[in-house]
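Chemist: The listed protein sequences derive, respectively, from chains A and B.
Here the first sequence stands for residues 1 to 404, where the numbers follow my numbering.
Here the second sequence stands for residues 1001 to 1404, where the numbers follow my numbering.
By construction, these hints were calculated from the structure, which means they are not laboratory data.
Certain hints may be false.
Straight line, CA to CA, 20 Å or less: simulated EDC-like cross-link-like pairs of lysine to aspartate or glutamate [unchecked claim]:
1. K148(A) <-> E326(A)
2. K343(A) <-> D129(A)
3. K92(A) <-> E62(A)
4. K1066(B) <-> E156(A)
5. K1023(B) <-> E1388(B)
6. K343(A) <-> E157(A)
7. K1148(B) <-> E359(A)
8. K343(A) <-> E376(A)
9. K148(A) <-> E67(A)
10. K145(A) <-> E157(A)
11. K66(A) <-> D43(A)
12. K1066(B) <-> D43(A)
13. K148(A) <-> D129(A)
14. K1066(B) <-> D311(A)
15. K145(A) <-> E13(A)
16. K148(A) <-> E1359(B)
17. K66(A) <-> E1006(B)
18. K23(A) <-> D311(A)
19. K1148(B) <-> E1025(B)
20. K145(A) <-> E1121(B)
21. K66(A) <-> E1157(B)
22. K343(A) <-> E156(A)
23. K1145(B) <-> E1157(B)
24. K1023(B) <-> D1349(B)
25. K66(A) <-> E1388(B)
26. K1145(B) <-> E121(A)
27. K23(A) <-> E388(A)
28. K145(A) <-> E156(A)
29. K1023(B) <-> D1035(B)
30. K1148(B) <-> E1062(B)
There are 2 protein chains.
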Amino acid sequence: MFQINENYLQLGESYLFSTIARKVEQFSASHPGVDIIRLGIGDVTLPISPVVISALHRSVDEMGVKEHFRGYGPEQGYAFLREAIAEIDFQKRGIGISPAEIFVSDGSKSDTGNIGDILGEGNVVAITDPVYPVYLDTTLMRIGKTDKIRLLCCSEENGFLPELPQERVDIVYLCYPNNPTGTVMTREQLTWWVDWALENESLILFDAAYEAFIRDESIPRSIYEIEGARGCAIEFRSFSKSAGFTGLRCSYTVVPHELRVATANGVEVSLHHLWNRRQSTKFNGTPYVIQRAAEAVYSPQGQQEMQAMIDSYMQNAALIRQGLSESGFTFFGGEHSPYIWLKCPDGLDSWQFFDRLLEVCHVVGTPGAGFGSSGEGYFRLTAFNNAERTAEAIGRIAQLSSTR
Amino acid sequence: MFQINENYLQLGESYLFSTIARKVEQFSASHPGVDIIRLGIGDVTLPISPVVISALHRSVDEMGVKEHFRGYGPEQGYAFLREAIAEIDFQKRGIGISPAEIFVSDGSKSDTGNIGDILGEGNVVAITDPVYPVYLDTTLMRIGKTDKIRLLCCSEENGFLPELPQERVDIVYLCYPNNPTGTVMTREQLTWWVDWALENESLILFDAAYEAFIRDESIPRSIYEIEGARGCAIEFRSFSKSAGFTGLRCSYTVVPHELRVATANGVEVSLHHLWNRRQSTKFNGTPYVIQRAAEAVYSPQGQQEMQAMIDSYMQNAALIRQGLSESGFTFFGGEHSPYIWLKCPDGLDSWQFFDRLLEVCHVVGTPGAGFGSSGEGYFRLTAFNNAERTAEAIGRIAQLSSTR
Chain A
1 MFQINENYLQ
11 LGESYLFSTI
21 ARKVEQFSAS
31 HPGVDIIRLG
41 IGDVTLPISP
51 VVISALHRSV
61 DEMGVKEHFR
71 GYGPEQGYAF
81 LREAIAEIDF
91 QKRGIGISPA
101 EIFVSDGSKS
111 DTGNIGDILG
121 EGNVVAITDP
131 VYPVYLDTTL
141 MRIGKTDKIR
151 LLCCSEENGF
161 LPELPQERVD
171 IVYLCYPNNP
181 TGTVMTREQL
191 TWWVDWALEN
201 ESLILFDAAY
211 EAFIRDESIP
221 RSIYEIEGAR
231 GCAIEFRSFS
241 KSAGFTGLRC
251 SYTVVPHELR
261 VATANGVEVS
271 LHHLWNRRQS
281 TKFNGTPYVI
291 QRAAEAVYSP
301 QGQQEMQAMI
311 DSYMQNAALI
321 RQGLSESGFT
331 FFGGEHSPYI
341 WLKCPDGLDS
351 WQFFDRLLEV
361 CHVVGTPGAG
371 FGSSGEGYFR
381 LTAFNNAERT
391 AEAIGRIAQL
401 SSTR
Chain B
1001 MFQINENYLQ
1011 LGESYLFSTI
1021 ARKVEQFSAS
1031 HPGVDIIRLG
1041 IGDVTLPISP
1051 VVISALHRSV
1061 DEMGVKEHFR
1071 GYGPEQGYAF
1081 LREAIAEIDF
1091 QKRGIGISPA
1101 EIFVSDGSKS
1111 DTGNIGDILG
1121 EGNVVAITDP
1131 VYPVYLDTTL
1141 MRIGKTDKIR
1151 LLCCSEENGF
1161 LPELPQERVD
1171 IVYLCYPNNP
1181 TGTVMTREQL
1191 TWWVDWALEN
1201 ESLILFDAAY
1211 EAFIRDESIP
1221 RSIYEIEGAR
1231 GCAIEFRSFS
1241 KSAGFTGLRC
1251 SYTVVPHELR
1261 VATANGVEVS
1271 LHHLWNRRQS
1281 TKFNGTPYVI
1291 QRAAEAVYSP
1301 QGQQEMQAMI
1311 DSYMQNAALI
1321 RQGLSESGFT
1331 FFGGEHSPYI
1341 WLKCPDGLDS
1351 WQFFDRLLEV
1361 CHVVGTPGAG
1371 FGSSGEGYFR
1381 LTAFNNAERT
1391 AEAIGRIAQL
1401 SSTR
């Protein structure tokens, strides 16, 4: 009989969001008419901005006309988009990334999941805890439950920033601004990681999906702002949260030409070459119309519209921060991130606090324990609902704290 | 130092299309003003049909309005599309496939490449030769150059239909109508394969990307027309060639619920469950607007427009067949496929015939040797150019044969 990849059997089933849905459904059924507000949502809610909608309509029209129709595009993405990305996201900020180093794709979930295809199974892999579950699950799918996975605890004690590994680590996933904790890394802290990776000949997989939410220019938005990072890091970027593309699907990954590794036989290999081979063989490019939409984000109007969208979410984050602060909660994030990570009050664990918030305030959030064992005792709120609902939810949480 | 997946180093670099491009470029440079016709193209050329364009515009407008905006969709695809696929492509043809068994994705190249993620590395894998290179390359990426890969020779002698393996094979890739040979499998022949797979507890990966080109109802368009196939086959389908979606990117994969396998420990596992876990973890769905476009293909007008497109390409195929026949070529395919596979005349090998066709006729095709060693001595022409240019090219090839 043919065999399956049995590593899949070692994966925990992800019950987090289905458990939340079931609990909310049960509560609604037994409390009909109750107005429930969702601050657990990790998806954007504002519509696609006007200049992007226009670009979509224009390119759709092109596809209907023989003279302008486009079939297969380059697997790496069209030059018009790769050039806009290189110029606006990097070169204008003084970061030397060329269009050829950029691979356009359909989502950071795909790219952070697929990157393992080109990496060896013998690597020791470090993953922060709590964490976006894709890094851990896709590593388990590939190498199974081995002694090669290290969880780097992120807690209040270390400011939710992992300490540099004391033992050998070949690959580390870092995500800053962080999901779920909402925390950021300063330039100094990120420099420690780059220096560590260069010294140890390790690889950093840097997920910068939330960089657009950074409000302080002193905090690095790209790992390539740090000297030497071109020789030790791959960076993942997304249009999902910055321009509301969660339903349009576009992202990109940067693999610098300097990123080279010696094989067991001493042959020097370029990771750019390997990723290009992977993408050319297992991917056929992002839809033309979606790439035109992403290009429009880089127009002057597109940049303004994107900023307005981010400002709107960050006003919600400020509302949440202010409300939690006035109610005496301990919390983190929400300054350069749409996520606020609060410490559950009264010694409650993550799910106990979830239940109390649902039952007393009719507000839904996400239990921190769902992101890893170090998330126990914490709770994630997001800034993706609208201002009115966010304010209402925070008002209810304030009452909770005043009555306890 | 961190390690790479060294299987990548064992891959042959794919020089086929770059070599073709270089040769054409050199010829053009030394023969300025010469009118070169391309019949090597594997991409569609007709624009997206009107009802699909309308669906795109409508859904783009929805994305710009708060009340209708859609963020993350289900990783498996929206119900509206899965239901249309199940009804029109299967149930109306008497094939019992349910919407829940369908996984919408961004391309068959992705799915045929990624399917290996859920399969064990110990499987013996059989691949036809000549072949669409993705099956072999992605197998090599995963398990390396081992004695576990069997090439099934497809030649004039066996009618380009592989013989049933005489030794143990766990997984076989079959593509019918075939790329590159343009040949099809009869119901009887496909039944042999399904019976073989059931008897041997093997898995068939059936690529039906060209099923829409079948003109004869007696030839199976889906492997699930064969009794028992739900227990031994995964089927890949694409909108690329049927509805011209090569630049829009949409396809789907069918994983029936009956497809189950016992692990080494005797645990029974559903492949549907594994593929769902893979797609939920490493993919975030096909863009909403693209899924609405695919849905429109299933409307009565969409079906008519698709058929007109296919008819147009098949008229080109008929032109090519007639011309080659009158010129005394031996050739295959082109009846239920946009591909015509011709035997190089005068004992020429694939590249020699390529050169002669370019130099004498100014026509570009694809050397069969580029699809595997059993393709040596053959040549692929495609029906994707327009009628006028196709007729002109065939006229030139006729002169070549009359002067030889």
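Chemist: Run every hint past the structure and note whether it holds.
Modeler: Each hint, compared with the structure:
Taking the CA atoms of K148(A) and E326(A), the gap is about 44 Å. The hint is violated against a cut of 20 Å. A threshold of 20 Å between alpha carbons decides the hint, and for K343(A) with D129(A) the separation of about 16 Å falls inside it, so the pair holds. Our distance criterion of 20 Å between C-alpha atoms is broken by K92(A) and E62(A), whose separation comes to about 31 Å. Pair hint K1066(B) plus E156(A) does not hold up; C-alpha atoms about 37 Å apart against a cutoff of 20 Å.
Distance restraint check for K1023(B) and E1388(B): the Cα-Cα separation of roughly 24 Å exceeds the 20 Å cut-off, and the hinted pair is therefore not satisfied. For the hint linking K343(A) to E157(A), the alpha-carbon distance of about 13 Å falls within 20 Å, and the restraint holds. Of the pairs offered as hints, the one joining K1148(B) and E359(A) is violated, with about 58 Å between alpha carbons and a cut-off of 20 Å exceeded. The suggested pairing of K343(A) with E376(A) holds, with an alpha-carbon distance near 9 Å, which does not exceed 20 Å.
Proximity of K148(A) to E67(A) is assessed by CA-CA distance (about 54 Å); at most 20 Å being required, the pair is judged violated. Of the pairs offered as hints, the one joining K145(A) and E157(A) is violated, with about 28 Å between alpha carbons and a cut-off of 20 Å exceeded. A C-alpha spacing of about 37 Å is found between K66(A) and D43(A), which places the hinted pair above 20 Å, so the restraint is violated. Distance check on the hinted pair: K1066(B) and D43(A) sit about 14 Å apart at the alpha-carbon level, within 20 Å; holds.
Between K148(A) and D129(A) the alpha-carbon distance is near 16 Å, which keeps this suggested pair within the 20 Å criterion. Distance check on the hinted pair: K1066(B) and D311(A) sit about 17 Å apart at the alpha-carbon level, within 20 Å; holds. Restraint check: the Cα-Cα separation between K145(A) and E13(A) comes to about 14 Å, which is no more than 20 Å; the hinted pair holds. For the given pair, K148(A) sits about 58 Å from E1359(B) by alpha-carbon distance, which is inconsistent with the 20 Å threshold.
Simply put, K66(A) and E1006(B) have alpha-carbon atoms about 43 Å apart, too far for the 20 Å limit, and the pair is violated. A distance of roughly 32 Å separates the Cα atoms of K23(A) and D311(A); the hinted pair therefore is violated under the 20 Å criterion. Taking the CA atoms of K1148(B) and E1025(B), the gap is about 40 Å. The hint is violated against a cut of 20 Å. The straight-line distance between the Cα atoms of K145(A) and E1121(B) is roughly 16 Å, inside the 20 Å bound, and the hint therefore holds.
Restraint check: the Cα-Cα separation between K66(A) and E1157(B) comes to about 41 Å, which exceeds 20 Å; the hinted pair is violated. For the hint linking K343(A) to E156(A), the alpha-carbon distance of about 9 Å falls within 20 Å, and the restraint holds. A C-alpha spacing of about 28 Å is found between K1145(B) and E1157(B), which places the hinted pair above 20 Å, so the restraint is violated. At roughly 16 Å between alpha-carbon atoms, K1023(B) and D1349(B) fall within 20 Å of each other, so this suggested pair holds.
Taking the CA atoms of K66(A) and E1388(B), the gap is near 15 Å; set against the 20 Å cutoff, the hint holds. Between K1145(B) and E121(A) the alpha-carbon distance is near 16 Å, which keeps this suggested pair within the 20 Å criterion. For the suggested pair K23(A) and E388(A), the alpha carbons sit about 24 Å apart, so the restraint of at most 20 Å is broken. Proposed proximity of K145(A) and E156(A) is contradicted: the alpha carbons are some 28 Å apart, above 20 Å.
Annotation: proposed proximity of K1023(B) to D1035(B) holds, straight-line Cα distance about 15 Å (limit 20 Å). Distance hint between K1148(B) and E1062(B) is unfulfilled; the C-alpha atoms sit about 50 Å from each other, more than 20 Å.
Figure legend: structure checked against the earlier numbered hints; hints not met, in rising order: 1, 3, 4, 5, 7, 9, 10, 11, 16, 17, 18, 19, 21, 23, 27, 28, 30.
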